[in-house]
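*Asks:* Chains as they are written, first to last, in the numbering used here: chain A, 32 to 153; chain B, 32 to 153.
FYI, nobody ran anything at the bench for these hints, they're computed from the structure. Keep in mind that a hint or two might mislead.
One copy or two, either will do: identical chains are not told apart, so a pair holds if it fits within one copy or between any two.
Taking lysine to any residue pairs in the SDA-like style, the calculated list, with each CA pair at most 20 Å apart, reads [said to hold, decoys possible]: (1) K98 - D72; (2) K37 - S123; (3) K43 - K142; (4) K98 - V74; (5) K37 - D121.
2 protein chains.
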Amino acid sequence: MGVGEKIHEASKRFQEAIRAADAIQSLGLHERCQDPAAWRDAVSGSGAIERYWQSFFDQRIAGAQPKTEEVIPIGEYALETGPYSVFGQDGSEIDRGKIMVLWKNEGGAWKMHRDTWNSSLP
Amino acid sequence: MGVGEKIHEASKRFQEAIRAADAIQSLGLHERCQDPAAWRDAVSGSGAIERYWQSFFDQRIAGAQPKTEEVIPIGEYALETGPYSVFGQDGSEIDRGKIMVLWKNEGGAWKMHRDTWNSSLP
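Extracted from the complex, chain A is given alone in its bound form (with noise of 0.2 Å):
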């Protein structure tokens, strides 16, 4: 399997523990992962992430789609971007917009070091 694919399927785990809203803690994230999250000063650590991402769907969303549009191997560390939707508990699309991610390769697991994204919508 092509690093493309390793990281589509990261991307994908990743997706689907948003979904389940019970399973952050699976999440790929590095110890070190930072997250420049939109409308808020940038997060740090897998902990505080993990909280993040927590308290943001368990309020407003019921389930994110990124899509794995490019992926830029880069050695040990791969870069993705591509579009997002978000979902609210009705069904509809309440954002959309980009991710970009840098993935590294942890003795074999990608794990999301740096991952940042914002909306398209004014």
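Dock chain B against the given chain A, drawing on the hints supplied.
*Replies:* This is chain B only, laid out in the frame that chain A set:
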């Protein structure tokens, strides 16, 4: 000069180009650069990105101050993250947030390859 300092210099040139508001063409943009800019769909190609930034500061901003906080060197690439501030014509801060830029070394010159940012304001 290390990769970090070179990225910092390239980033400063970008900042000065925005402040000068007349040198957007001189930005170190890769031809295949993509800019998943906030509040709209992603912009692709150096020409389109120059026009995007031109229209952006033509209308609303007097200057932008990105700050290189971290540089992760990855071979011919480097990932830069850090905060930014945007100032209005009266000098007040009208926005602040985070940037994440993937730079690519092309024959010794560091060029923006993927550039994204989001606001920290609600």
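*Asks:* All the hints need checking, so say for each whether the structure fits it.
*Replies:* Verification of the supplied hints:
1. Proximity of K98 to D72 under the C-alpha cut-off of 20 Å is restricted to the inter-copy arrangement: shortest distance 14 Å between copies versus 24 Å within a copy.
2. For the homomeric pair K37 and S123, neither the shortest alpha-carbon distance inside one copy (30 Å) nor that between copies (45 Å) is at most 20 Å.
3. In this assembly of identical chains, the alpha carbons of K43 and K142 lie at most 20 Å apart only when taken from the same copy (12 Å versus 31 Å across copies).
4. In this assembly of identical chains, the alpha carbons of K98 and V74 lie at most 20 Å apart only when taken from different copies (17 Å versus 22 Å within one copy).
5. In the homo-oligomer, the alpha carbons of K37 and D121 never lie at most 20 Å apart, since the shortest distance is 32 Å inside one protomer and 49 Å across protomers.
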